[in-house]
Amino acid sequence: MFDSSQEGLFAGIDKVALLLYVLLVAVGFVCITAASYDDTIESMFSSSHFYMKQLMWIGISWLAALVLLLIDEKYFHMWAYPLYLLGIASLVAVLLFGREVNGAKAWFEFGGVRIQPVEFVKIATSLTLARVMSAYSFSISRPSDVAKVAAVILLPLSIIILQNDTGSGVVLCSLLFVLYREGLSRALCMPIVLVVFLFIFSFILEPLPLFLILLAALTLYSAARSGAWAAHVRFLSFTLLVSLLLAVATPLSGYAALMIVCGVEAVALAAAAIQNKAYELLWLTVMFVGAMIFVPTTDYIFDHVLKPHQQDRVLSFVGMKSDPLGIDYNVNQSQIAIGSGGVAGKGFLQGTQIKYNFVPEKHTDFIFCTLGEEWGFVGTMAVLGLFIALIMRLMKMGERIKEPFGRIYCYCVASILLFHVLVNVGMTIGLMPVMGIPLPLMSYGGSSLVAFTILIIIAIRLDASTKHEGSML
Amino acid sequence: MRYGNESSMRYATLRWVVICVFALLAGRLCYIQLIDTRYKEMATSNIIRRVVQYPSRGEVLDRRGEYLVQSRECYDVMVVSKDIPREGFDTLRMASILEISPERLRSQLEKAARYPRAPFLVTNYVSQQAKLAFDECYFKGFYTVFRTARQYPRKIGGNLLGYVGEVSENDLKRWPYYSAGDYIGVGGVESAYEVELRGRKGVKVETTDTHGAIKGSYMDGAFDTLPVNGRRLVSTIDARLQAFAEELMVGKVGAVVAIEPSTGEILVMASSPTYDPDELVGRQRGNHYMALQENVQQPLFNRAVKAKYPPGSTFKLVQGLIGMQEGVLRPGDTHPCHEGFTVGNRKVKCHSHRSPVDLRDAVATSCNAYFCYVFRDIISNPKYGSVKRGLEVWHEYVESFGFGRTLDSDFIGEGQGNVPSTEDYDRMYNSRWNWGTPISLSIGQGEMGCTPLQMANLAAIVANRGYYYIPHIVKQIEGRDSIDARFYERQYTKVESRYFEPIVEGMWRGVNVWGTSRNAALPGLDVCGKTGTAQNPHGRDHSTFLSFAPKDNPRIAISVYVENGGFGATIALPIASLIEELYLTDTICRPEMVRYVKDHVVYYPYYDKLRAKKERK
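Residue numbers (my numbering), protein chains in the order written: chain Z, 22 to 494; chain R, 21 to 637.
Only chain R is shown next, with the shape it has when bound in the complex (with noise of 0.2 Å):
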């Protein structure tokens, strides 16, 4: 039916429309394989070899302008192993130049022989001597790669800046930005600010000949793509003071945090045990590492962040201001104090002082009693009806002052510490409890866990009388006009500001007339501080102290921690003490302190034991 004329047009169009096509290739074909002989040249004399251009990674400030980490020259030598000149080369030379063994030379070209043509990592870390010299020698195959290496002149914070260290399978499938051998931030500053650290990396692509000599760049750079070396980071960190902190640390395990409570910015982290950040680079890093790994007091732990720790005694300021805000204490309620709070067949111990005492006193000479009443006023509050809904209102306070949750700061892996819920005693309890039971929460024991960023948070939120801004490492990132926007805004708790000032009467009565903490007087400025002392199952009580200072427009909230320290005056007031004389003052004018606290001998039997397990095993 459709035999037409027509058809047959169009069958014959179509057969001209395929031939056409096929001209069309052909005729491309004819002209680059016979006509235009570049594509020969190309092909014969240029081979192409792509190397990584690696950025320098970005160096870290202290908020002086002093170096915490540099950036240092160092290269990777690479072998592309078919290249090599069958007649061989000169190991032993090539070895000693690349201060490395000739054992070790000779087994990583046996495995670079493995796969001929791919690029093989002989060994990294060569210095910028060592690498002029290995240029000189012009090693056939072999090539050096720009590198950079961390560098710390002052070897302080360790767990603070992290480390950097080679890729992991896991990051390769995570960010395709990394190939294998790529470095990357572990830790600290290093993970938090990667991306800005890090740079990105170029490309160059080079034509060599047959021989693998490079006769110059491919199409003129066309695909070459320059790196980008990181940003510079300030962190916050006072480098002086950072470094006074880890020597007064040293033979303690625990924490100090000070934070700036007018912006929140974090001016000492200081986690003990810890290790010097140089021994984490270089070709040594592993072995040092494995060292650090085996230590049982755990100095790779960032303890200021991560640690869970009870708060003791510092917790009762919490507890006052929640008090008030509920309406169930006012500053001036007395509460007697018998060495003691009964409850059923527990009883909370306190220290003999005068009694009874108002708040102010109560905070000033750290009576665990009075706090036991406030407790029990705040979570057996008729208004409430019922003890557990009480908790939870007391929960809900004790949240918004930054407990039991992340910060949002801006270290990974922040720990959130542990306020329990009535669920966790409801789980414990078999839900038959009453306000008697989680008494010890009233003064900071019990099932309560603080890293000693907290606890610094809750320096700075007293400090400023109610809110905080949240603590972080890193005030200024090159090339940004800000850091991230949830740094400025402030963090209010669930209690009015004016509910702050007995605490802080109190906290600086106990320093300045008559308290647990009349060491850490300095004169003229008006210091408030709170003392703890935390009961632990690994031994001696932990030794605790939280502060600030001046009275009025602080400028730096400390909190110091050492487990199995002793009493919160001990050894923790010293410490916090003497760093703020050192930042307020930029002097120190109580050598005898200093010498006290770096003689203080604190014993662990609790990590001893651990390590005798270790090396029974």
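Isolated chain Z (complex conformation) (with noise of 0.2 Å):
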């Protein structure tokens, strides 16, 4: 269909993946400027506005695109080891010099400019991950070859979390997204989303209320499993309703109640689900007991056994940073902000609680912020199409690849942008806890731009030569 000749260094790529990208670098761009346009510096074009330093990453960043898109794509197989080595050797080079910002040791300077290594790990990593599991040899369901797929990703993790950087460490977890599109077993990947659920979600909810979605959750999953819905809809109803009438009855608390219940229920469903042999069922359940066992004896662990330097020390080794005036204040103002954006927002620079500083990081992890002020529901939708679109379309340049190396690098890149989109924007919202991972595309910031526009491009590049062999044929 495409012919090569005429269409030169762009043959055969992706361009609604491509328009996607520039327009979310555009978007950023524009939300960067609203967030850090200072009236009281003279000239607009100075470098000392964060905008136009931006630019200047931009530009850097289609370089760098450029580069990779002449790059013939079987070097991104041959570079996965050297980049991973090079990445993990970088990251123990920060941990050990690095500088500390915000609590984490994340950065390398020189001169001024800050360099963040986790950003560019994420594309060994990928890179690395593509390479392990296309190997010829390679068999999800071996526990040898999960062993190393586990490596792989556990080994810049845990480097990362030592660095204080708990978000962008647990950004690799969403990985799982890609093992599970190769054929993790189910029985594998869902403990797995189960901890790291309750990980992120004990932090800003009740243990009732996280208990109440858990149990919805994984009755649904059974429902949807088994098919047998109107059996589900009966358990889960008649589990509430024995709760919430024994919490009337009884000086119990709710909480107390639902969890009587539903160990009773527990109980009896292991033993059902062993005589019928049922063992997804037994596993759903075990997993269930877990978690309530789980999550209360965290939480009575932080909040009798810890000293309250040592629950900081927890709260900002999850990210969670320390802040004057507690950590709600961050998401309570950028909620307010968010929120009184409305339907079409204040207009370009019109935002007065972005402008007022009463947000913090507005131009880089709170970026979302200064778009849901000034450009409204309108605006955030938009954002959020252009991301889905984004993830959706590599997903499927992904399932069009005709080598596992590519359609396994793709779905890397669409994991690590929904985990980022979702933690990014949740946080903003008060979904999530404030974890300090950037808004990919559109925070400031040179490191997380470069990076991204790599990990997009590469991704790019493999779908292309695949198609462009395609025509050939």
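No wet-lab data here; the hints were simulated from the structure. Computed from a predicted structure; not experimentally measured. C-beta: ideal position from N, C-alpha, C; glycine also. There could be a bad hint or two in this list.
[Unchecked claim] Residues from chain Z shown here face chain R by an in silico Cβ test under 8 Å; the list is partial:
{"id": "1", "residue": "Phe198"}
{"id": "2", "residue": "Gln356"}
{"id": "3", "residue": "Ile359"}
{"id": "4", "residue": "Gly360"}
{"id": "5", "residue": "Gly363"}
{"id": "6", "residue": "Gly393"}
{"id": "7", "residue": "Phe398"}
{"id": "8", "residue": "Leu407"}
{"id": "9", "residue": "Ile409"}
{"id": "10", "residue": "Glu420"}
{"id": "11", "residue": "Gly447"}
{"id": "12", "residue": "Gly467"}
Both chains are sitting in their own frames, so use the hints and assemble them into the complex.
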């Protein structure tokens, strides 16, 4: 279909994905301009504005994109391991010699320019994961191979967590998405998802709502797997009703009542499951009981065993930065900013919450606030639309690439993007804890922009070569 | 190969996961942006202002409960430039209320306009009355912040107490607690007990309307923190004694330190010349500070803990003690004195007194020659093989008395003094020296340097017969059961208690029988004392006196040092004696001695020369 000689550099590349990328960067630039515009600085084009610096980073990113499009795709496969080793080395180096910003020791500084190696490690880890999993002898059902995959992900993850940059570390957990696509057994996926879920939400939800969500999610999952919807709905309403009655009739709290009812049910379910050899149900029950024990235990330890300074340390460990006004302050202010945007927003440079510095990190991690306040619901939906389109497009590209290497890589990119968007946007609207990870392509910051550009352009490049070969046939 | 049914099913599942994630985000956005109007109200009507709540700084009392430092209410006036109404306001009226010149006010407002949204300090130290008048006028864009200023009811102890100044760039970098414009203690008690005195700042988050008028507290004060006031300190100082010491030292340069031997509590610490501590408070602080810094006699230099003075003859006490502990001296040993001691071509001179003398009389008459013999015997003790090793042993002893190192008191920047080591002599004499070289150390001259605090501590050691408590200036901190544990521990010297008796006896004789310290006698109080007359390159000899009383169960140990004051008995002795008298008897029965001290003029050609030099520049 495509004539390669006419298209030159852009031969076979997915123009939709590229357009989505460019649009997101452009919207990001507009928001950074609004967030950092300071009317006390005389010149609009003074290089002391963040948006002028961001313009420079956009230039550098696009230069990098051009170079990547020129490189033969086989090199990505070849360089995967060396890049991975380099990435690990730089993580260790930054841990030893790096600079501490906001409590995370995750930055190198060269003459005023800060570089965050974590951002680039995401690329290297994705390439390596793709190479490991695309090896001919690889099988996801073989335990030794699963261990290999786990090692590839957990090695950088643990170093990043040592840097006290937990948010960036947890990003790598999103690669589970890829493993699922490649056939990792559900029995392994579920508990990992559960652990990550509990880890994230135990910091923003009270135990009771957390349980209700968990109970509903697991029941729905079980219903979807078995198809017996009516039975599950009956089970769920029975549980809630009995708990409610128990809570009203006795001095027990709602939470305690629910725990007791669920506990009894769990024992019954487990017994029935063993009898009927329904191992999936058994597995779900075991996980639920595990969560039931896990949540109050950690809560108890946190509230009663840990001293206040240790609590602070745990909070800062999970990336909830210490703030003199308390953790809720940031989230509250950011929700006020977004919420006050209304349907159509206040207009470019008109956001009062942003301007008056109520929102912290308004040009980096909280850039979404600027969007929400100045462009309203229309703006936020448009950007979410761009992101979902880009993620879906990447998955589609992955599916159509013939070799597993390309497919796995595309999925890696999609999952990293998805996680970033979920956590970043989620924290600005109070759905997620403040984990301090940037909004891809939009947050101010050279490392993040360049790294996400490279991440996406490599996917586009891998996809282009497959199609290109396809058209030759 | 993996293109089976399973793969496409998983692909579909993942697409649903993505859709669910986005649906979740979109749903929440829909709620907060479209449905819940609360946020809109908050954003339009609530502009939040964080007002720092300053605690009141802890006050300092003397040991009898009298105020040394009080905190007085005063206010900072702040402005947020953009909130000033466009039509302006009555600047003349404001300037007169705030007691600043209209020009100053205008220049401050111009400066504030450079950062339109940041709170800017217009002026500080606004009195309570002025603040009330200011509040009545309701100037838009301006607000007042409660602070406290220091006030010194007795105007004593400038160097001892230190002062409160604005934090420096360095402090800001070192201590994240502070922000620009905060106050911090500088020097003396203020800086040593900064953390206790300052308390903790609080913050009040207020909501204001778009015109800057306060509407109330933000979220019912959920983010407010109350300031915690600073702790009150009880100092070990006796204000009456301190004031008396400062009065007696007027016109003299030097220091007085008195310690309670049984606790190490500092009763008096006067550094002279001193200054009125109230001068370093308020808007004129900068000017006064500059003037004090220009003064060649350095009133801001706390001589009591930082100066390095030769101890002179008072050091002979240490010499005798080491000699006895080392076994080279018995109290009955006599040495002849022919108005001096000759070694090589050097002669250490002595005044005329009867000869030969034993240890007690040598202390009483302050015989130089006697202690030259003692020192010679210590460092050339055959048991150590060499003079070098002998001097090292001597050095260890001297250090155990608190010389040549800091005492680890609660003063920040306490001086070490200087006790020369063998390395120092190797350097100075190219390793070619013998027992005669450091001979001037035997009478506390030469390279010896001590702080007045170290000398007073020596008096306390002798009073206690062999140990001391680390001297300290604060005895009680509000809300704490005790002060630092180190102040409760006995610090033993390397000389046993039994060797102190002959020395004490000598000091007692010098005052009460015959010797250099006769004028220090107080009937019935068994004063012990030792004069010192220290040669120095800056003019007349320094006058120093070291004393404690009573002889048994001593209650006060004191050291007085007057630069260029002449003989120890000339001026240091009467000052010390009067302070002892006031402390031990609560009265002064020798008004003629007070008059003598006050009328006694000490000349300072060295400082005069410095001043002349400075003026020429």
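- Message: For the restraint on Phe398 of chain Z, tell me whether the closest CB of chain R is nearer than 8 Å.
- Response: Holds: closest Cβ of chain R sits about 4 Å from Phe398 of chain Z, inside 8 Å.
- Quick one, is the Ile359 of chain Z hint okay against chain R at 8 Å, beta carbons? Because about 6 Å separates Ile359 of chain Z from the closest Cβ in chain R, which is inside the 8 Å limit, the hint holds.
- Query: Are Glu420 of chain Z and chain R close enough, Cβ to Cβ, to be under 8 Å, as the hint says?
  - Reply: 6 Å, holds
- Task: Return the status of the interface hint for Phe198 of chain Z: holds when the least beta-carbon distance to chain R is below 8 Å, violated otherwise.
- Result: At about 7 Å, which falls below the 8 Å cut-off, the nearest Cβ of chain R leaves the hint on Phe198 of chain Z intact, so it holds.
- Message: For the restraint on Gly363 of chain Z, tell me whether the closest CB of chain R is nearer than 8 Å.
- Response: 6 Å, holds
- Task: Mind checking the CB of Gly360 of chain Z against every CB in chain R and telling me if the closest is under 8 Å?
- Result: Gly360 of chain Z check passes; min Cβ-Cβ to chain R is 3 Å, inside 8 Å.
- Is the interface hint for Leu407 of chain Z satisfied, with its Cβ closer than 8 Å to some Cβ of chain R? Hint violated; Leu407 of chain Z Cβ to chain R Cβ min 11 Å, cut 8 Å.
- Restraint check, 8 Å cut-off on beta carbons, for Gly393 of chain Z near chain R: It holds, given that the least Cβ distance between Gly393 of chain Z and chain R is near 7 Å, below 8 Å.
- Minimum Cβ distance from Ile409 of chain Z to chain R below 8 Å? Ile409 of chain Z check passes; min Cβ-Cβ to chain R is 5 Å, inside 8 Å.
- Gly447 of chain Z as chain R interface residue, shortest Cβ-Cβ below 8 Å: Since chain R brings a Cβ to about 7 Å from Gly447 of chain Z, closer than 8 Å, the hint holds.
- Can we keep the Gln356 of chain Z interface hint, with Cβ of chain R closer than 8 Å? Cβ of Gln356 of chain Z sits 6 Å from chain R, so the hint holds.
- Task: Identify whether the interface hint at Gly467 of chain Z stands, where standing means a beta carbon of chain R within less than 8 Å of its own.
- Result: 26 Å, violated
When each numbered hint is compared with the structure, violations occur for hints 8, 12.
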